[in-house]
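Number of protein chains: 2
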Amino acid sequence: MALIVKKFGGSSVATPEKIRAVASRVLNEQKTGDKTIVVVSAMGDTTDDLVTLAKEITGTIDQIYNREMDMLLTTGEQVSIALLAMAFQKLGHPAVSFTGSQAGIATNEIHCKAKIIGIDPVKVFNELEAGKIVVVAGFQGLTDKGEITTLGRGGSDTTAVALAAVLKADHCEIYTDVDGIYSTDPRMVPSARRMKEITYNEMLEMARLGAGVMHPRSVELGKHYGIPIHVRSTFVQEPGTFIREEYTMEEKEFVIRGVTHDTNVAKIAILGVPDIPGIAYKIFSVLANSNIDVDMIVQSIRSSEKNIIDMVFTIAKSDVSQAKVIMDQLGKKMEFNGILIEENVAKVSVVGAGMLGNPGIAATTFGALAEAGINIGVISTSEISISCLIQEDKVKEAVNAIHARFFPK
Amino acid sequence: MALIVKKFGGSSVATPEKIRAVASRVLNEQKTGDKTIVVVSAMGDTTDDLVTLAKEITGTIDQIYNREMDMLLTTGEQVSIALLAMAFQKLGHPAVSFTGSQAGIATNEIHCKAKIIGIDPVKVFNELEAGKIVVVAGFQGLTDKGEITTLGRGGSDTTAVALAAVLKADHCEIYTDVDGIYSTDPRMVPSARRMKEITYNEMLEMARLGAGVMHPRSVELGKHYGIPIHVRSTFVQEPGTFIREEYTMEEKEFVIRGVTHDTNVAKIAILGVPDIPGIAYKIFSVLANSNIDVDMIVQSIRSSEKNIIDMVFTIAKSDVSQAKVIMDQLGKKMEFNGILIEENVAKVSVVGAGMLGNPGIAATTFGALAEAGINIGVISTSEISISCLIQEDKVKEAVNAIHARFFPK
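In the order they appear, the protein sequences are chains Y and L. Residues in the first sequence are numbered from 1 upward in steps of one, following the numbering used here. Residues in the second sequence are numbered from 1 upward in steps of one, following the numbering used here.
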């Protein structure tokens, strides 16, 4: 007897046939006495179709429309939950669907990227107790003023893990179109290995560094509430990857857990910055005020000139044009020598809690890149990762070279 | 300065272009200080498309799915309200959309044909006071247990009139694809006249007797709360027909207001019924218990046999098969001589409050039919209508003949 939250994404419920298949699978997996909550996203391309409709009204989508976009987009999941509940009923199992609001999911008031601030699970709980499968709309909630909100990126996973947390579920299963978490992107490295287990911290670091399967948000929530997350395929039966606090097995054959890459990176170098206290604060606070995230930062001292430094950092490619305006303004005030922007860059990273006790990881990584003839621009490290900035067109080569070192065939 | 509720049906908001046109029209008609609530239905064929999706899950739609059907179908209006609110905003006018639930529309718990039991208009009122156009989803509400319901046939009109009533609106405008209420079906009688005004009672009687433009439900609500209803075209600017308690003008040139027809009629004759007290009660109570509405009833006495009568009545064609089963069962118990069912029948009616003081109306009606060589099967009358059962294939001829008498060219 277990309480399990299962989340199915849009591709898993894209057609009535697929919805019926999801219902069959859930019923087949349910053991006597099990209680099941199913969280679903909107069917297939529904959300895109709704956005297209909105654009035909508004032209470009501006954030002044955010409230109405939430009103519009939440219909997508509402259609899915109704159809999935019907599919369970058609198969003879009692089921009931709930919108985010009905499931008690309370959010703050930031439309289009609301955060869950609490869940009142009494209705969900009562229907589970009554023996029903409860189907909940992912990605959505309600403010205390009764406004409908959406949770933004990774929203449906977040709904699932949050429900699992508040209902003290045994675990949360995320069904997706890949069959687990891989040691690197299998489209790029055919020998990528599927992992049986990964820790929350490793998964968070891999997600932060470019691994796309899970959004960091839901992993953080799982970590905070200690909910094991099982990432697995909608289309095959076998287990995928468990994300949890610690390995349950001594699965430590590999000191690193994954090799990730991120091409949404640009390098900015500010040349000839006066080396005075607070200068870094000045540069990075104006960027932060414009919501531009800065990632790798290197401050280099010029040996030839005293009191002058160069500052190199990376941001998302999509923030480059805005950052350029800000840096140009600051440059006029502070008399920089120049600003160089390089967009043909990418970041490759190795992630693994095991690297703490293995000082050779960095050397192995750099060695793999050197052997492949790839220059490293900037290096940054965290407790469980090492990242290298390289040329964008070398990404595939770099990932393969590093992966081959840490995961020998 | 006025408070006006405007309701646009599905064909009026079938595409993004039409939604933009609705927004423009509403803004053009709004005078300084006016407060406007717009009630909308689902876009074009959305509801049918959703029903098709459901059928792909469930096969035939059974009432066990009613709750989930409501969950599903209410998304249709939610899409419309979001897009229409965006269209107002795009045109520079503040607007906000509300689901039935957010608009405070409380219903009973009968899914798929819920009745409005109250409206808490505080959110709508506050947004109107703040200068916004309030866009409300028609056809839907919420039970006190937080369950989403739909109002069934005529639901969006009912939402509009109910909001007008609770907010004490000056009037309620129903925009549709015809430009008002006609003296008869213009598709059948080219010389049909559009009426400037009609009373609630006349409209109710016409709707009951087959006129399709307004559902009786919303007219009854308008009558009860004294809300004038203006039925007009979405696609032309000129006024349509006002439905109100009394004529504002002495528009009494015609003693009847309309000629209606209804082909969803079948005639059932029960032959040789024992003429004992309570026999009519027995027959019609079993039909009522199965929710079969009986319309015209005639009890005829046979001159040749004592204590034996024939009972003739009409029901909807769609109820025939169910009624047959019930009557056969009853026939075995009560020893009827036989049951005759005739489906090739239709009802034509004349409606008009003026007929009370004009005893010649019935004679004129029968005369028109006689002259056209049409037999009358059953006759029934109310205070403001006369109905004749005729052969179904004579309907067009009958309506034209009667209309020509009362509305001479």
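Accuracy of the hints is not assured; some may be wrong.
It does not matter which identical chain is meant; a pair holds if it fits inside one copy or across any two.
Said to hold, decoys possible - Taking lysine-lysine pairs in the DSS-like style, the calculated list, with each CA pair at most 25 Å apart, reads: (1) 132 with 145; (2) 317 with 196; (3) 132 with 55; (4) 123 with 145; (5) 333 with 282; (6) 113 with 394; (7) 90 with 55; (8) 18 with 55.
No lab work stands behind these hints: they were computed from the structure.
Structure-based check of all given hints:
1. 132 with 145: between (30 Å within a copy, 17 Å between copies)
2. 317 with 196: neither (33 Å within a copy, 64 Å between copies)
3. 132 with 55: So residue 132 and residue 55 pass the 25 Å test across copies only (22 Å; inside, 39 Å).
4. 123 with 145: both (20 Å within a copy, 10 Å between copies)
5. 333 with 282: within (11 Å within a copy, 97 Å between copies)
6. 113 with 394: neither (34 Å within a copy, 63 Å between copies)
7. 90 with 55: between (37 Å within a copy, 11 Å between copies)
8. 18 with 55: For residue 18 and residue 55, the Cα distance is within 25 Å only across copies (14 Å; inside one copy 29 Å).
Checked against the numbered hints listed earlier, the structure breaks hints 2, 6; every other hint is satisfied.
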